[in-house]
Amino acid sequence: MRTALFITCLADAMFPEVGKATVQVLERLGQTVEFPAGQTCCGQMHVNTGYQKQALPLVERFAEVFWPYDAIVAPSGSCVGSVCHQHAMIAKRFGSPGLVEQVEAVAARTYELSEFLVDVLGVTDVGAYFPHRVTYHPTCHSLRMLRVGDKPITLLRAVEALELVELPAADQCCGFGGTFAIKNSDTSTAMLADKMRTVLDTGAEICTAGDSSCLMHIGGGLSRIRAGAKTVHLAQILAATREEPMVLGRAERQAEVHAGPEAVL
Amino acid sequence: MNAPVMLGLPTMPPPAPRGVGNLRGDEKFPAAARRALADTQLRRNLGKATTTIRGKRAQVVAELPDWEELREAGRQLKVHTMADLPDYLAQLESAVTAHGGVVHWARDANEANQIVIELIRGKGVDEVVKIKSMATQEIGLNEALEAVGITALETDLAELIVQLGDDKPSHILVPAIHRNRAEIREIFLREMADVDPALSDEPAALAGAARQHLRRKFLSAKVAISGANFGIAETGTLGVVESEGNGRMCLTLPDTLITIMGIEKLVPRWQDLEVFLQLLPRSSTGERMNPYTSMWTGVTPGDGPEEFHLILLDNGRTAVLADADGRDALNCIRCSACLNVCPVYERTGGHAYGSVYPGPIGAILSPQLTGIEDNASLPYASSLCGACYDVCPVKINIPEILVHLRAKHTETYASEHRVPSAEAAAMSTAAWVMSNPKRWTLALRSGRLGRILGRKRNVIGDVPLPLAKQWTDARDLARPPKQTFRDWWAAEHGGER
Ligand code: SF4
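Chains as they are written, first to last, in our numbering: chain A, 1 to 265; chain B, 1001 to 1497.
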């Protein structure tokens, strides 16, 4: 099986540790992971902001770059959601019939990390070690678009020394929503405040999820109020082992606060 | 009915006209939301009410083993009806007429209001009773009647609270959801001439006061105005589903009944109610069955109104129907489940949407009825979390339509302006950079601004950039890493950099 990593543009630019962690987990499970250098972005930001036509070259690129692979894995429920639910729509509206077929075939082989681990590799215990109190936020696109269900929870339960605490009102959106966080920043912040409150109520030191975008929103809020809780991507928890534990707070690991794309402009 | 003769190219059907009705707000959603978010009482009232009703709905929905099949049946029935709408409307018209009713066709809000005014004038009265109806809110009927000296008395408890408080409804099912009982008591004491000054804020006492206030009106009213939840093409039967029984009074006591129904409220057969009467109460009030379901077919001598008028309202609906990617918004049965689960609605309330249709359904329906540019901020009033789609009893893919309308907006804007918006320019640039890995790699490497700004605490606090400010007002940004993932990969595994 030829497995490719789709890093997503956000993790590529801002959260390389999430990508490295994904590779580590997959390699530890005996997978050979390739990183097709031609990849860029799934185009979700364009589609969701109303620029569907501009997303076409990104959709074409995605299908072309990942076409040769048997499985494409991404550490993001949201981007996989876009590949699986939006690419065909864009192809139908602006592309050729051939493109529609191509994107549908590639989408069928594209998996969010927890889906790939549990459904494709059939693994629930990835041999991780993470001695922290953790709560899991099921991001909306993982929850309702991809329906990853309790796969991430199953993976977290198997992590040695990890204390998993349930997040109240977990299914409530954190308020990120891509450009929603900018265009409707007041409403977004109000939603964030409630999400932070439920996270802090659990007494967890770590809030984890399968999406860097939501995590940088929640983590950015927690950092701003000096809450004493952080956000860490699911892949990073699964990558940590007894031999190579994750040291929280080490600046170069960038695990503290998930940041926004504005910073790179 | 004669088939209309079409000559030449068909033109786009018109949107709901400006200057009448309640489909357009005075300001854009983010500004209106900002004010609503500061109203702590509003947020408390809404948070409480939506949480309660969400829980009730979830419970009664979980009882039905075939809920998903019911939803699919509801969806298919609606899709089928919309595909053959002209035929079903003609069927409805002849069935209603055959049973002694009179059918009027209203192209828009102005026409509908005018028809109602003339009918009421023909009866020589200046006061009418009303059942809660979204269609009449949409066309601004009360305002139109008031302008010609006719008083329309709302008989739904919540609608009455809104009317007496000189307020606007903020929810399609619970129009006064933004009010708590202390506020309601205060409104009653202020506005009801005959109320007991010792009125308490117990719900039963408040309902009792409203009942007394309304009872006399029911007995004296000559004309009633209603909406309809369903119109059955096959039989010409109209249906109203309610909780309080005031609707039943309006539908049976006055001599003349005028019903205003959007043309999308049709179902083909009597039997189809089997599906919708299971879907609607569970989705809306979280009840297995609503207390009152009234059905009437034309007129029945000696029983109920002697005169029945049905006004079929377009007001932009044909325009919605013309958009294959947006038309599912017409399938809505106004259950309000999507409002109750929406995290945006829960915090901003309904007024921020500026239209009688708030929440997720409003965000896809209002801009389509008015034409996208008159409500362009609404499709963006969503984080696309998808909770609405999950609960919708007729499976309207609201997030997908929101995304479609965003595109419609940017495309309309682009076609009307020679200079692209700043956002469009940024998006084009981003697409240009991202569609080529070399350009993308270079852009990532040169993106060092954030790192300089974030030197001190490893996070970026207040970034003095206009766009980033919206972000950093409430959230920190991490300093971008020294090395992007692709550079790390190239360094580790070799290969192209
Ligand atoms: S869109 Fe669906 S959930 Fe919302 S009010 Fe209409 S029928 Fe109910």
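In short, the hints are calculated from the structure, not lab data.
Bear in mind that the values here come from a model prediction, so they are computed numbers and not experimental data.
We treat Cβ as the ideally placed atom computed from N, Cα and C, and that holds for glycine.
You may find that some hints are simply not true.
Said to hold, decoys possible - Heads up, simulated EDC-like pairs for lysine to aspartate or glutamate below, C-alpha to C-alpha not over 20 Å straight-line: (1) B:Lys-1028 <-> A:Asp-186; (2) A:Lys-53 <-> B:Glu-1307; (3) B:Lys-1217 <-> B:Glu-1183; (4) A:Lys-183 <-> B:Asp-1194; (5) B:Lys-1048 <-> A:Asp-171; (6) A:Lys-92 <-> B:Glu-1400; (7) A:Lys-92 <-> B:Glu-1307; (8) A:Lys-92 <-> B:Asp-1196; (9) B:Lys-1123 <-> B:Glu-1416; (10) A:Lys-183 <-> B:Glu-1027; (11) A:Lys-53 <-> B:Glu-1416; (12) A:Lys-92 <-> B:Asp-1194; (13) A:Lys-53 <-> B:Glu-1027.
To be verified - Stretch-level coverage of chain A by chain B, calculated; a stretch enters the list once three of its residues show a Cβ under 8 Å from a Cβ in chain B: (14) 8-20; (15) 216-224.
Stated by the list, open to error - Which chain B residues face chain A? A few, computed with CB under 10 Å, are given here: (16) Glu-1186; (17) Asp-1325; (18) Asp-1374; (19) Ser-1377; (20) Pro-1379; (21) Tyr-1380; (22) Cys-1385; (23) Glu-1411; (24) Ser-1415; (25) Glu-1423; (26) Ser-1435; (27) Pro-1437; (28) Leu-1444; (29) Gln-1470; (30) Ala-1478.
Hint by hint, here is what the structure shows:
1. Restraint check for Lys-1028 (chain B) and Asp-186 (chain A): satisfied, since their Cα atoms lie roughly 13 Å apart, inside the 20 Å limit.
2. Our distance criterion of 20 Å between C-alpha atoms is broken by Lys-53 (chain A) and Glu-1307 (chain B), whose separation comes to about 54 Å.
3. With a C-alpha separation of about 24 Å, the suggested pair Lys-1217 (chain B) and Glu-1183 (chain B) falls outside the 20 Å cut-off, and the hint is violated.
4. Our distance criterion of 20 Å between C-alpha atoms is broken by Lys-183 (chain A) and Asp-1194 (chain B), whose separation comes to about 48 Å.
5. Taking the CA atoms of Lys-1048 (chain B) and Asp-171 (chain A), the gap is near 17 Å; set against the 20 Å cutoff, the hint holds.
6. Straight-line distance between C-alpha atoms of Lys-92 (chain A) and Glu-1400 (chain B) comes to about 14 Å, which keeps the hinted pair within the 20 Å bound.
7. At roughly 51 Å between alpha-carbon atoms, Lys-92 (chain A) and Glu-1307 (chain B) are farther apart than 20 Å, so this suggested pair is violated.
8. Between Lys-92 (chain A) and Asp-1196 (chain B) the CA atoms are separated by roughly 65 Å; this puts the pair beyond 20 Å, and the hint is violated.
9. Pair hint Lys-1123 (chain B) plus Glu-1416 (chain B) does not hold up; C-alpha atoms about 48 Å apart against a cutoff of 20 Å.
10. For the suggested pair Lys-183 (chain A) and Glu-1027 (chain B), the alpha carbons sit about 15 Å apart, so the restraint of at most 20 Å is met.
11. Our distance criterion of 20 Å between C-alpha atoms is met by Lys-53 (chain A) and Glu-1416 (chain B), whose separation comes to about 17 Å.
12. Simply put, Lys-92 (chain A) and Asp-1194 (chain B) have alpha-carbon atoms about 64 Å apart, too far for the 20 Å limit, and the pair is violated.
13. At roughly 29 Å between alpha-carbon atoms, Lys-53 (chain A) and Glu-1027 (chain B) are farther apart than 20 Å, so this suggested pair is violated.
14. With a threshold of 8 Å between beta carbons, the proposed coverage of the stretch 8-20 of chain A by chain B holds, since 10 of its residues qualify and at least three are required.
15. Note: the stretch 216-224 of chain A has 7 residues with beta-carbon separation from chain B under 8 Å; the three-residue rule is met and the coverage holds.
16. Here the hint on Glu-1186 (chain B) is broken, as its CB sits about 27 Å from the closest CB of chain A, past 10 Å.
17. Look at Asp-1325 (chain B): its Cβ gets to within about 9 Å of chain A, closer than 10 Å, so that hint holds up.
18. At its closest, the beta carbon of Asp-1374 (chain B) sits 16 Å from a beta carbon of chain A; the interface hint therefore is violated under the 10 Å criterion.
19. Taken as an interface hint, Ser-1377 (chain B) checks out: its beta carbon lies about 8 Å from the nearest beta carbon of chain A, inside 10 Å.
20. Restraint check, Pro-1379 (chain B) versus chain A: the minimum CB separation of about 8 Å is within 10 Å; hint holds.
21. Checking Tyr-1380 (chain B) against chain A by beta carbon gives a least distance of about 5 Å; that is within 10 Å, so the hint holds.
22. Checking Cys-1385 (chain B) against chain A: minimum C-beta separation of about 4 Å stays under 10 Å; hint holds.
23. With its C-beta approaching chain A no nearer than about 8 Å, Glu-1411 (chain B) sits inside the 10 Å limit, and its interface hint holds.
24. Because the closest C-beta pair between Ser-1415 (chain B) and chain A is about 12 Å apart, greater than 10 Å, the hint is violated.
25. The restraint placing Glu-1423 (chain B) at the interface with chain A holds, with a minimum CB-CB distance near 7 Å, inside the 10 Å limit.
26. With a cut of 10 Å, the hint placing Ser-1435 (chain B) at the interface with chain A holds, because the nearest CB-to-CB distance is about 4 Å.
27. The criterion of a C-beta within 10 Å of any C-beta in chain A is met by Pro-1437 (chain B), whose closest approach is roughly 5 Å, and the hint holds.
28. The interface hint given for Leu-1444 (chain B) is met, as the beta carbon of that residue sits about 5 Å from the closest beta carbon of chain A, less than 10 Å.
29. The interface hint given for Gln-1470 (chain B) holds, since its Cβ lies 4 Å from the closest Cβ of chain A, which is under the 10 Å cut-off.
30. Nearest Cβ of chain A to the Cβ of Ala-1478 (chain B): about 3 Å, under the 10 Å cut. The hint holds.
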